[in-house]
Every structure is written in C-alpha cells, then in structure tokens.
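Each chain, written out:
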Amino acid sequence: MIHSRRVRSTPRERTGSTDRGIVSKAEWRQRRVRWSMRLLHGATLIFLLVVGLGPLLWMMKASITPTQDTLRNPMALWPNGFDLGQLATAWSRTHIDRYLWNTVVIAFGSWAVQLLVATTGGYALSVLRPRFSGLLTGLVIATLFVPPIVLLVPLYLTIVDVPFLHLRMIDSYWAIWLPAGASAVNVVLVKRFFDNLPREIFEAARVDGAGPFRLFRSIVLPMSKPILGVVSVFAVIATWKDYLWPFLVLRNPNLQPLSVRLPTLAPTTDLGVFIAALTISSVIPIVLFLIFQRLFLSGEGLSGAVKG
Amino acid sequence: MSSISDALPVSEHVARRGWLRRRLTRDGLSTLVFLLPLLVVFGLFAWFPILRALVMSVQETNLVSTPTFVGLDNFATVIADPQFRMAVVNTAWFAFLALVVGFPIPIILAVLMSEVRRGRGIYSALAYLPVVVPPVVSVLLWRFFFDASNNGVFNSILRAVGLGPLPWLQSAATAMPSIVIEATWANAGATVIIYLAALVSVPPELYDAADVDGASVWQKIRNITLPSIRNVLFLTLILQLIATAQLFTEPLLFTGGGPNNSTLTVLLLIFRYAFQNSLGGDYGLAAALSLMLAAFLAVFTAGYYRLTRSWSTSS
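Chains as they are written, first to last, in the numbering used here: chain A, 1 to 308; chain B, 1001 to 1315.
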C-alpha cells in the first residue's frame, strides 16, 4: 500500500517509441514469432475464460436452469429449459431481498464510519498537527502490524460489553460499523494524501478567515475526491466480502447479511434457487468492479490485498 | 521561541508552515473535535482489544466467572493439545500446496499478459473477476463443484477425459488440495495484477540491450524479466504466507475442519476454543494461540514493511 503510488504511475511511462515488451519489434516481424505469440495469447485468453470466468458463467447458467437439469447433467452447455422463476423465488420466498438490504445497510454504515474516521483523523494528523500527532500516527500505524486474528476474541468481548459504556452491541449494526472505522490503512492513505496537498491554499484560506472546520469542509474535502473514492470502493467491497465478524456479532437471522445467511440456507433450499441466490449476491460487487475497473487494476488493489 | 525563529533566516516555506501550525493549534478544542472519532474508534476497537488480548492470554477467562491469573498455563495447554499439532501441520501443508500451485500460475499469466498489445484490459478484468466475488459465494459454489458423486461437476469433467471419480472434500487426503484449488482460483487474480504493474515498469532499454546481444525470448525472460520483478515476487510471497497462515472461511464452510480434522487450521482451532466449545468459550486459550500465531507472523510482517519502506524511500 505504501508503494502503490509508484506502481500506479508506471503504466503511463510506457508510451512513445520505447513501447515494447519482452519480444522486440524486429522479432514481432518474424512470422514464426508472430504466430506463436498469437497462439499463446489466444491460449491465455481461453484459459482465463474457461478457468477464471467459467465457474461464474456456470453459476449464472445454473441459476436459470431447472434444478433437475443441473443435477442430472451439470456440464450441459445449453440447458433443456429455462426457469427464471428460481431467481424470483430466491428473491422473495428465500428472503434474499431482505438479506441483500441488510448487506447494503451494513456496507453503507461501515463506509460512512470509515470515511468519517479517516478524513477527520487524517485532517487532524496531517493539517492541524497537535503536539502529540507523531505519537498518535505511530499508534495508528502500529495496529497494521497486528494480524486481525489477535483482535477477534477481545473485540468480540468488547462488543458483548463495551468498556466504560457497558453497552451490549450484539445484534446491533454498530458492532460492525464502529470496528470497521478502526482501519489504519484508510487513515494512513488519507493522511498521506492530505500531506501532499499544497499548504499555500490552506494559508490563503486562513488569511481569508476560514477556521479549521471551514478549511476541512470547503478546501480539504473537495480536493480529496480521488482518495476518498479509492477508500470508499474498497470499504464497500471489503464489507461485502466479510463473513466471520458479522457471523459472530449478528445472531438474529433477520439482521444478518447475505454472506452469513447463505451457508445456513444451503441445506434447506432447492439447489436451483440457492444458486440463484448466490448469483444475486455476486451482482453488486461484480458491477462495482466493472464500473471502477481502473481502481482495481491499476495496482491500487495492492492496498486491498494488504487489508484483506 | 518565536523570537528566535524570527531572527534566524529560516526558509520561507518552513516559516509559513510554522505560522500555519501555530494559528491552527491555538484552536485546541477544534483539533480535539476532529481527533475524537479516531480516538474513540481506535481506542475501543483496536488499542484496547490488543492490550486485552495480551492480558487474556495469561488468564483463565470465560464470560461467566471472573478471570483468574494462570501465568503461561494457557500456552502450555495449547501446545500440549493434540489438535494444535494437527492444526499447525495442516496449515503448513496448505501454505506449501498454495505456494506450489498458487505462486507460479500468476507469474506465468502476468508474463504472457504483459506481451498483449491490444485489449490487455480485457485480460486483466477476466483475471481479476474471481477476486471480487464474495468468498462465501465462491466457497458455496465450489462446494457444489466438488460434489463427490459420479455426477458432480468436476467428476463429470474427469469422466469425460477418462479419469476419476475423486472424493474431493470427502476424504482426508484430497480435502486440503481441493481447498487449495478453490483458494488459488479466488485469489490469483489479485497477484496477477500486482505482477503486471511490475512487469510494465521494467525499463525497455534492458530488453533493447539484450536484443543487441542476440538474446532469445526465453533468455530475456530468465535474465531480465524475472530478476527485475524479484522484489515484487518476494513481497507477494510474504503476503501469501501471511494470508495462508490465516486460512479460515474456506475450511469452515467447505468441511468444518473435517474429514478427520484433516482441514483443521490454526484459525479454525482458535475459533473452536472461543466459540465452539460446549463448556463455554475458553477465551484464554484462544488468546494464547492467537498471540503465538501473531508472533510467528510478525517476522513476515516486519520483513514486508521493511521492504516496502526501503523501496519507497529509495525511489
């Protein structure tokens, strides 16, 4: 995550006459090389389509194929019949609609808390810089070194009985939203971005009489859209993927997100309907990915990898 | 202080910055307001639980009785537990398999993809797509693929080429390799993208020089491409080891640790100690094992941050 900026800037350096890869232009001109490269690329594409995309295509096919067909001949390329009803049944009868909504609510809250903590914290540590900000930054970064598993049990006990406040947050979305905010990666990313904003603008705003709040809202936040976009997309995807934590703190099935409900639905649900439910669960992350492809594929995904 | 800085010929930038800082910190209350969300959230849900983990590891503690100090008993109990040995061996086995299968595939894919001139975006998107599918969905989908009956998805593919049927998740010998296959499918795309970014930043002059020397494509890959991305390869190796040591969702949902504890991982054991204990959670044991794993991972984590730090300062 620390060197993501470096990684990201590199593809653009490869333009103009120096644009070449391992195989040189002269080699490309040889017919043998050209054809073997085309063959290799074709093979790569087929491999990615069959192995990478294949399982997902199969899932989509099976979600509209009658269960009996899927069971009898799972590898049939073209189903005997279509049963769009499975998607509808999954949506309404299996209450995927409710669990999807729960997932959306959880993701939205986590996103809001993460953004609030990262922007206000990053602003205080980068721009306002109180005397102990160095120490505080160190304490935030220190949590990066602690693997999440260490926190699992003590964090769970904290949720059961929040210290000083003596609240029980089991079966409350706050149990997911608030801990999501304690993301050192976010704070560090946002703080670094703020560090690189031109100080002259802050001074000018100061001279014009803007206080810390005005500076934050009217200058710093509007200038930070790129980094806030990155943090937002990864926050939503990470929450969508999360399983263990919501599984532990949300006991009431009516409150659980899709990731927690799906495994318990599996044994009691008709296969076709269940796979339809799996398809519905993947739609939003996949659509988000397709919209924000650049963000994921530019090396910024490295920060997601560190986080996950 | 201010008189000194006024008298000294400090650079204009530093002076202005100091002025900004004084003006802003004079308003201590608003600084506190901005810091409050961070302090509350990190205090309650990061710093406090970390300290608590340390304390709990030397306590006998469950939710019912008051915690008592037991020294290093928890660590001794964990180490003496036969399940602990199984979990460590299984996790190491998974890490090894994941390395053998999961490490070369992204390198090969990325090298091939880096040579694509047109439509590389499509290749990247295809490679990355499985990564964005929620892990629970992938696991539940693949659990069906791994169906051990003759009509299971993978078994029908094997039958088509005259092999199988394999028991997949049903047998102790094939359960872990099956999980490795799914995990590689689900995660390889992220690594491909990292390598791809590294590959396109290899200076083209190096290849030009190799061409002048008459190097073959294979020689160029071995002597230029792979050495150039050596650092990134090492980095992803560390990341992968850290991730594999924390394998949890897959064995829980695929097999629940079975058959015969053959897919019981360290994380699954922590989970069992804390949350699947018929006698009520033994949080002390769970904390002790968590800390042992963390200490082990700290070596890798420290190496990772050292590497990234030295790169970002050298560039």
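I should point out that these hints are in silico values taken from the structure, not numbers from a laboratory. All residues carry an ideal CB built from backbone N, CA and C; glycine is no exception. One or more of the hints may lead you astray.
Claimed, not checked - Anything over 12 Å on all C-beta distances counts as not near chain B; from chain A, calculated:
1. ARG72
2. ASN73
3. SER133
As the list claims (entries may be wrong) - What follows is a list of derived Cβ distance ranges for each label pair:
4. B/ALA1298 <-> A/ILE170: 26 to 32 Å
5. A/VAL104 <-> B/TYR1305: 50 to 56 Å
6. B/GLY1043 <-> A/ARG199: 42 to 48 Å
7. A/SER92 <-> B/LEU1072: 51 to 57 Å
8. A/MET60 <-> B/GLN1219: 28 to 34 Å
9. A/ASN80 <-> B/VAL1101: 34 to 40 Å
10. B/VAL1161 <-> A/ALA112: 22 to 28 Å
11. A/MET60 <-> B/ALA1298: 56 to 62 Å
12. A/LEU84 <-> B/GLY1043: 46 to 52 Å
13. B/GLN1219 <-> A/ARG199: 33 to 39 Å
14. A/ARG217 <-> B/ALA1092: 47 to 53 Å
15. A/ARG199 <-> B/VAL1101: 49 to 55 Å
16. B/PHE1103 <-> A/LEU49: 40 to 46 Å
17. B/GLY1121 <-> A/SER172: 38 to 44 Å
What the hints assert, rightly or not - Counterexamples of contact, computed for chain A against chain B with all Cβ distances above 12 Å:
18. LEU45
19. PRO66
20. PHE108
21. GLN114
22. LEU151
23. ASN254
| query | Going through the earlier hints one by one, which of them does the structure break, listed in rising order? | reply | Result: hints 1, 2, 3, 5, 6, 8, 10, 11, 13, 16, 18, 21, 22 break, sorted rising.
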